[in-house]
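The chain contents come next:
4 protein chains.
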Amino acid sequence: MIKIGIIGAGRIGKVHCESIMSYVKGATVKTVADPFMNEDTEKWLKKNGVEYTTKDYKEILADKEIDAVLICSSTDTHAPISIEAIKAGKHVFCEKPVDHDIAKILEVKKALEGSGVKYQVGFNRRFDHNFAAVREAVKAGKIGALNVLKICSRDPAAPPVSYIKVSGGIFLDMTIHDFDMVRYLSGDEVESVFAMGGVMVDPEIGKAGDIDTAVITMRLKSGALAVIDNCRRATYGYDQRAEAFGELGQVAISNDCASNAVISDANGVCGEKPLLFFLERYMQAYVKEVSCFIDSIVNDKPVEVGIEDGLQAVVIGVAAKKSLEEGRPVKLSEIKL
Amino acid sequence: MIKIGIIGAGRIGKVHCESIMSYVKGATVKTVADPFMNEDTEKWLKKNGVEYTTKDYKEILADKEIDAVLICSSTDTHAPISIEAIKAGKHVFCEKPVDHDIAKILEVKKALEGSGVKYQVGFNRRFDHNFAAVREAVKAGKIGALNVLKICSRDPAAPPVSYIKVSGGIFLDMTIHDFDMVRYLSGDEVESVFAMGGVMVDPEIGKAGDIDTAVITMRLKSGALAVIDNCRRATYGYDQRAEAFGELGQVAISNDCASNAVISDANGVCGEKPLLFFLERYMQAYVKEVSCFIDSIVNDKPVEVGIEDGLQAVVIGVAAKKSLEEGRPVKLSEIKL
Amino acid sequence: MIKIGIIGAGRIGKVHCESIMSYVKGATVKTVADPFMNEDTEKWLKKNGVEYTTKDYKEILADKEIDAVLICSSTDTHAPISIEAIKAGKHVFCEKPVDHDIAKILEVKKALEGSGVKYQVGFNRRFDHNFAAVREAVKAGKIGALNVLKICSRDPAAPPVSYIKVSGGIFLDMTIHDFDMVRYLSGDEVESVFAMGGVMVDPEIGKAGDIDTAVITMRLKSGALAVIDNCRRATYGYDQRAEAFGELGQVAISNDCASNAVISDANGVCGEKPLLFFLERYMQAYVKEVSCFIDSIVNDKPVEVGIEDGLQAVVIGVAAKKSLEEGRPVKLSEIKL
Amino acid sequence: MIKIGIIGAGRIGKVHCESIMSYVKGATVKTVADPFMNEDTEKWLKKNGVEYTTKDYKEILADKEIDAVLICSSTDTHAPISIEAIKAGKHVFCEKPVDHDIAKILEVKKALEGSGVKYQVGFNRRFDHNFAAVREAVKAGKIGALNVLKICSRDPAAPPVSYIKVSGGIFLDMTIHDFDMVRYLSGDEVESVFAMGGVMVDPEIGKAGDIDTAVITMRLKSGALAVIDNCRRATYGYDQRAEAFGELGQVAISNDCASNAVISDANGVCGEKPLLFFLERYMQAYVKEVSCFIDSIVNDKPVEVGIEDGLQAVVIGVAAKKSLEEGRPVKLSEIKL
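Chains as they are written, first to last, in the numbering used here: chain A, 1 to 337; chain B, 1 to 337; chain C, 1 to 337; chain D, 1 to 337.
These aren't lab readings, by the way, just hints derived from the structure by calculation. Honestly, I wouldn't trust all of these hints.
Computed, partial: chain B to chain D, Cβ under 7 Å [to be verified]:
1) N130
2) K142
3) L248
4) A252
5) S254
6) S259
7) A261
8) S333
A few chain C positions that, by computed beta-carbon distances, are all more than 12 Å from chain B [stated by the list, open to error]:
9) A111
10) M200
11) A208
12) I216
As the structure is a prediction and not an experimental result, all values here were calculated from the model. All C-beta atoms in this analysis are idealised placements derived from N, C-alpha and C, irrespective of residue type, glycine included.
The whole structure should be built from the sequences, with the hints applied where relevant.
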């Protein structure tokens, strides 16, 4: 039984806590740390079978019984806590992004060298049944050489502007998942990126220095093209689709719904909206990613999403930001590592 | 150029007239006869390029230049006019049903013997792209031996009760198309039939001695089962679907729409309703069935839907009626020919 | 924490055991009994966290700590063990069917009177997201008065003939789920039933006195019609669909797949086959039905699927059998209770 | 009856000829001109009811009885013949593109000023039922303000390299339809364009100085974004899809097939490939565009696709070409008119 400490008891920390206690075999959450730990959270954690709570994550790092930590704290703390955890010999599952700053990710990477620590980054979509089916079809050669990869990723509603301000911008906060999907689905690396975007959802997002709608075009090393379109608001729910097109054909995935019921009446032929947002859509992926992490610890296997994946997605994001600012395509080689 | 006379200038007569003049190659409508011929109809016919109009269909039968007639008059006149036309040496395309009375259909059949006349019955669905795709899949062995055939056939709205009264009842008026589809799609014959039904759309239909909703189960000679469900009213439009299931798999067809546009918004994910009714849904089939009829005349080929098909569908309908009245399955061998 | 004893460690017993230990909150399996308990099963049970195993289910009934039992033994033992369990004051979750013999179900019903025991029957489909969506649409009046209910239910492959022989026949073994769905989806009761069927999958099934393919038509008390089609073999997997059609429109559900990936290539546009069989298709429903059972115990609520539901489905099955044997529609009132 | 002369008896000339003679009411083709007119073509034309043929299109322009011409000759002759026809007082339907050279299109535009001549450009997709449904939804405000427009347009197979060489390049030959669709579906104008592309289908296309696969991103005047992806080869047939996404939702269209039959078997659940290519896919649109042209002549209405539409699509194409060559986004204002 792998004993886990969770650092950060916000939304995603609780998601992982509940999914581990309910569904992840061979692992249990011993301790949860959060600087704002309060009675409500403690009560919720006890109810979910967590024995210990603390305001100081260092208690977790010092606990000899704890094998692994999940870093679910605010993004600016991901890198320093990662390094501390690695030094304490804990296996680390770190929520995405590792950091907005490439230099800090490189520090984590350096800390990992020779440490023997398993380090997994929380790109949950890699564990989703639909995206995995695209990856498998591409990998199995079902579409031949990849020509054009398209990803559509839209949130149902924008987060609060207060969050936007510290989010690192749409590319590092939202598109980062799609950048990772480009790498995962293609099995290739991005060479250059061109980003176009605008403020179409909420002018406050623009005032905060960010955009809310974007189309990002990429050239991959193989010469294939990729295009992502994002929006912070889709009235019909969380839109998560992808298409990989190649010399032999295409594989495409559409949205998942709570049921496939279709009502036909005088108004038309109507199905349900897609599942509302990431918690509904990717719950099974959250379980699976942590199960894989546990498996890589127990059976000493490489993690499925490592620090290099965490790094590359941020590098593409930084290049996209530069492209948007400078109104020109940017090569990844322009981004200093 | 085959010269055609159309007998009956009602809705279906006009459909055929317009489709022949616009789309059927190698044929033209010379004369249209209708006892209620009036100025409006004459004007409409002229506009569509028809030279002659008359109140007396016998003028058409006497016209040496006319090669073929389309019988689009009221059902009770189909059989006698068919016989007259056959005697006059005209090829005949007769709207369905040939008659409600089996004996009268047999008279037509007898008249045809040795006549050299081409006689086609207006089962338009045999010429529809979707139903044809099911037939081809079954015939090509794609599903192996047929096990269960299902047909769903619902009209958007019930006809006037005045029509219902002379319609011969739902089985001979509406289901007759589906009975023909059972024979066409299966390539098999019906052995017995069991009908259940009710008045669910309009009590006036019940007062007129008919039902408006039915489920009819059949056993085919091969042992396969078939089931049809009918309703005189579907709020979402004309519902025309079929599924053929067999030892190797299933082939299924769904409805056609004016466009495949899907709107996703806060209310759901909605496509269009199916095409409204038979004129919209089967317009191309109307063109194709007459083109085939012309082709069978020009190239002296057997018609694709002959008098035997016209007869068998009515026999099944009569058996279904008997089944409903007597509350038991009825063998087709019980129906006197 | 509700303590559960499972009686019967076959396939479905294990499914429930694993789902309770992994996913059902507030319940744990203390003991599993099976007359054929062996080392392998004991090992599997220990691994899943079950403390005690026994060959004698009476140990479970005698255990004061155990609140509830799941009866997953062979069908012929369901009724007698149910009665023993009720007398021992245990809440009972009994797999379907309660018995093939109506008289025995009535004995269970009698034993329940005044017992205070919760008794739930294992009709898992009532807890499926798709079927629930149909039920909700019908209940909410989305389709108005129900006119025609259609259920298609096909297994991927027939069970061994040895199983067929003790199964009670297709209607009590397989269609029984669909009979329950007719009652659940319609919110109505069956008045009469007409069954047609044949041996199309395996002649051995016929030799065992059963059929493998059937179409069953029913009239409900409201006058609405229902039709079920069954087959023991569908090459494309487990086919589980339903349509409810009414005065205002239709609600329809289709199959679920492991992913919604669609591959378009020179061969066509192809999606995955439906999920293979009931374990894959209804795993979440198995979790949900036991969770509901636990909830009805903990919060003293009526069970969602009671003995009356278990009885009625068997009554319809017996009537269907009689209909098939006698080749005529059978009223449920003909079946002696 | 409008009398038409067709200039150019190649593939598209024949398509228009046949569709006018068969389906377009109120118009007939009197004469067809082609410098390579031969016996086979003459025979085919006679069979389709065309009275006169000639090698010299000037005969058509000189024919007082002819009201309108369809220019279906090679692209380099479109502009000069257009001008001659305008001067001869003939209404003109000109196949796309009017010319590869903006200056020549402007000359046509100038010739039209005050001429009273109807001039329609052959952007057939504007008359397609699916694209029209998107336009109507956008126009009717169903998706609110447009945010992102996506068009996927792939041919089943690349044309011969000999054609590629004189085609003006992918943007002026193939994407030009999509550029027109961007303007049509959005009801907006393009402000800037960024093109990425590559040679992925056939190296010979690259040797001919063209690309065969492209992703083109555009910013519209309203600030909305548009993205087109093209490929000269899709193994599954002609891929013609679009999505318009906005503040209230999305409208999307998919491909049309010859039938909607779906075969489920041991291999999966498979539908047909999309209709093969433009002749199959857009046949009804070809009829409709010429019918509209005739209607604009008969009823003196403005044409639905005028010279300005012909011009703007080429301007976007020229900008896309420049963007690809220079590896940067290009403003339409950079293109000299």
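Here's how the hints hold up against the structure:
{"no.": "1", "hint": "N130", "result": "holds (5 Å)"}
{"no.": "2", "hint": "K142", "result": "holds (6 Å)"}
{"no.": "3", "hint": "L248", "result": "holds (6 Å)"}
{"no.": "4", "hint": "A252", "result": "holds (5 Å)"}
{"no.": "5", "hint": "S254", "result": "holds (5 Å)"}
{"no.": "6", "hint": "S259", "result": "holds (4 Å)"}
{"no.": "7", "hint": "A261", "result": "holds (4 Å)"}
{"no.": "8", "hint": "S333", "result": "violated (34 Å)"}
{"no.": "9", "hint": "A111", "result": "holds (37 Å)"}
{"no.": "10", "hint": "M200", "result": "violated (5 Å)"}
{"no.": "11", "hint": "A208", "result": "holds (18 Å)"}
{"no.": "12", "hint": "I216", "result": "violated (9 Å)"}
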